[in-house]
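Chemist: Residue numbers (the working numbering), protein chains in the order written: chain U, 18 to 154; chain D, 1107 to 1401.
There may be inaccurate statements among the hints.
As the list claims (entries may be wrong) - Subject to a maximum C-alpha distance of 30 Å in a straight line, what follows is the list of computed DSSO-like cross-link-like pairs (lysine-lysine):
1) U:Lys135 x D:Lys1390
2) U:Lys108 x U:Lys83
3) U:Lys135 x D:Lys1168
4) D:Lys1220 x U:Lys104
5) D:Lys1390 x U:Lys108
6) D:Lys1229 x U:Lys121
7) D:Lys1203 x U:Lys65
8) U:Lys104 x D:Lys1203
9) D:Lys1168 x U:Lys65
10) D:Lys1150 x U:Lys132
11) D:Lys1390 x U:Lys83
12) U:Lys121 x D:Lys1220
13) D:Lys1150 x U:Lys121
14) U:Lys65 x D:Lys1159
15) U:Lys65 x D:Lys1150
16) D:Lys1150 x U:Lys104
17) D:Lys1159 x U:Lys108
18) D:Lys1390 x U:Lys58
19) D:Lys1364 x U:Lys132
20) D:Lys1220 x U:Lys108
21) U:Lys132 x D:Lys1168
22) D:Lys1159 x U:Lys132
What the hints assert, rightly or not - Derived list of chain D stretches under chain U, where covered just means 3 residues or more per stretch with a C-beta under 8 Å from a C-beta of chain U:
23) 1146-1152
24) 1164-1174
25) 1352-1361
26) 1381-1388
To be verified - Each pair of labels, with its calculated beta carbon distance range:
27) D:Val1302 x U:Gln112: 56 to 66 Å
28) D:Val1381 x U:Glu111: 21 to 31 Å
29) D:Trp1269 x U:Ile140: 48 to 58 Å
30) D:Lys1390 x U:Lys121: 15 to 25 Å
31) D:Val1253 x U:Glu76: 23 to 33 Å
32) U:Asp79 x D:Gly1181: 54 to 64 Å
33) D:Ala1175 x U:Asp105: 22 to 32 Å
34) U:Thr85 x D:Glu1348: 48 to 58 Å
35) D:Val1381 x U:Gln80: 51 to 61 Å
36) D:Asp1222 x U:Glu53: 45 to 55 Å
37) U:Gln80 x D:Asp1394: 24 to 34 Å
38) D:Gln1330 x U:Gln112: 54 to 64 Å
39) D:Val1302 x U:Ile140: 46 to 56 Å
If you are wondering where the hints come from, they were derived from the structure by calculation, not from laboratory data.
Yeah, the Cβ is synthetic: ideal placement off N, Cα and C, and Gly gets one too.
Take a look at the letters that make up each chain.
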Amino acid sequence: MKLQRLLAVSLALVIVLPLVNGVVFAHHSRAHYGQEESTTKGVVVEYKWRNPHVFVVWEAKDQAGKATQWVGEMASVTSMIADGMTKDSLKPGEQIIVVAFPSKNPGSTEALIKKISKADGTIVVDNSRAGAAIRQP
Amino acid sequence: MRNRIIVSFVVLAGLAFSSLSFAQNNANQERAFGRDSTESQPTKELVPGPGWKTCPRCTNNKQLAAAYAQYKVEGHPFNPKDLSGVWGNNGMELDVKNVPPFTPEGEKMFEATKSDIPSTNAKDGMLICDPIGYPRAFAYNYGMEFVMLPDRVLQFFEWGHTWRTIWTDGRKLPEDPPQQRWLGYAVGRWEGDTFVVEGNGYDERSWISEDRRNRIRGFAHSDQLKTTERYHRTSYGSLEAEMTVSDPKVFTKPWTTKGKIELRPNAELWEYFCVPSESDEYNKRLIDAARDSKK
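Let the hints inform the model, and build the full structure from the sequences given.
Modeler: Here's what the structure looks like:
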């Protein structure tokens, strides 16, 4: 129980403190993304290795079989290189598991990417800082 | 296993703490401009091929630490009057904790930059690829390189893949610049081991910087903007930098920022162009979505 409390406090520090300060963003704000993490499985529709921010479009189906296309925002090309991604990291048709922070706006299908894995477990990118919204574009 | 998870989160919390001030006034922090390390980040740099180097912003802190050892940066001999090299990866953020009071006109100019949506600085010319200009390129540049020549110092910027010329041939700043420039006019001189750069003639469409306190405004300036920069190479790998912004139409007193810029021995400038077609697509797919959904 004590350990769980420590875990919760640590997580809160990671998430809340940078949001309070806000000076660490470089140019595009990410204030519209929520703090609630969402994990979806889907298929890559589009992978844009482009500036100002790399993004991926993937299609995920809910339990009723309804398909939704999500747009997942990352950072600039050079920042994503520092995180281990390349222009060849994702290809249309690939199955992926995405951990992201969806927009707070109702009905929105945009999300801030935290982690992308492939079906075989290969990690494409894992940037815990995304959850704290402290990443630089 | 549980303990390892907890330790990981505690470490992350520490990173969050440290990140609160890393972008400004960080002379006492090591690798202050690096990209924080995470477990999944590669230890090997991405380079185009043998003999080529990575880009300033392509480097994470694990790689930067290895590069400092590889290039023997610590204790490396240096000439304090030679600023050559690739420096930083994000510019030096202005000291937004000490913004001087605005004049009444400056207050109006600042408020006029306020975004019409809360999630981003929608009036920022950067979104439509206007040049970021100077001194914003000091505060935000993705890495820069000084090249020393006999009569001038060239300062290349990764952001925009552009440069400015700092004339050191003895000329003075123009008293009444015939044409405002995004990067202004700049002249430099040595005061001991400190390279002093003065600039004026900045295009009023640029911002001094975006306001990183809340991301929804920018620091506008007038035609009276003048800048004074001081660079002092205190070691092979470290450049103390100071930027003073003076604009009597906007601020009641000068605004000074001090900090440190680190050498990127493993990097060379690549290119970061703001490409209108790319930005247009980004704006439509991600910025406009935020705009529409606030209604």
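Chemist: If a hint holds in the structure, say so; if it does not, say that too.
Modeler: Hint check results:
| no. | hint | in the structure |
| --- | --- | --- |
| 1 | U:Lys135 x D:Lys1390 | 28 Å, holds |
| 2 | U:Lys108 x U:Lys83 | 23 Å, holds |
| 3 | U:Lys135 x D:Lys1168 | 24 Å, holds |
| 4 | D:Lys1220 x U:Lys104 | 35 Å, violated |
| 5 | D:Lys1390 x U:Lys108 | 22 Å, holds |
| 6 | D:Lys1229 x U:Lys121 | 22 Å, holds |
| 7 | D:Lys1203 x U:Lys65 | 36 Å, violated |
| 8 | U:Lys104 x D:Lys1203 | 38 Å, violated |
| 9 | D:Lys1168 x U:Lys65 | 26 Å, holds |
| 10 | D:Lys1150 x U:Lys132 | 20 Å, holds |
| 11 | D:Lys1390 x U:Lys83 | 25 Å, holds |
| 12 | U:Lys121 x D:Lys1220 | 21 Å, holds |
| 13 | D:Lys1150 x U:Lys121 | 36 Å, violated |
| 14 | U:Lys65 x D:Lys1159 | 24 Å, holds |
| 15 | U:Lys65 x D:Lys1150 | 23 Å, holds |
| 16 | D:Lys1150 x U:Lys104 | 16 Å, holds |
| 17 | D:Lys1159 x U:Lys108 | 27 Å, holds |
| 18 | D:Lys1390 x U:Lys58 | 25 Å, holds |
| 19 | D:Lys1364 x U:Lys132 | 36 Å, violated |
| 20 | D:Lys1220 x U:Lys108 | 39 Å, violated |
| 21 | U:Lys132 x D:Lys1168 | 20 Å, holds |
| 22 | D:Lys1159 x U:Lys132 | 27 Å, holds |
| 23 | 1146-1152 | holds (count 4) |
| 24 | 1164-1174 | holds (count 4) |
| 25 | 1352-1361 | violated (count 0) |
| 26 | 1381-1388 | holds (count 5) |
| 27 | D:Val1302 x U:Gln112: 56 to 66 Å | 58 Å, holds |
| 28 | D:Val1381 x U:Glu111: 21 to 31 Å | 26 Å, holds |
| 29 | D:Trp1269 x U:Ile140: 48 to 58 Å | 38 Å, violated |
| 30 | D:Lys1390 x U:Lys121: 15 to 25 Å | 20 Å, holds |
| 31 | D:Val1253 x U:Glu76: 23 to 33 Å | 48 Å, violated |
| 32 | U:Asp79 x D:Gly1181: 54 to 64 Å | 59 Å, holds |
| 33 | D:Ala1175 x U:Asp105: 22 to 32 Å | 30 Å, holds |
| 34 | U:Thr85 x D:Glu1348: 48 to 58 Å | 51 Å, holds |
| 35 | D:Val1381 x U:Gln80: 51 to 61 Å | 40 Å, violated |
| 36 | D:Asp1222 x U:Glu53: 45 to 55 Å | 26 Å, violated |
| 37 | U:Gln80 x D:Asp1394: 24 to 34 Å | 30 Å, holds |
| 38 | D:Gln1330 x U:Gln112: 54 to 64 Å | 58 Å, holds |
| 39 | D:Val1302 x U:Ile140: 46 to 56 Å | 48 Å, holds |
Hint violations for this structure: numbers 4, 7, 8, 13, 19, 20, 25, 29, 31, 35, 36, all remaining hints satisfied.
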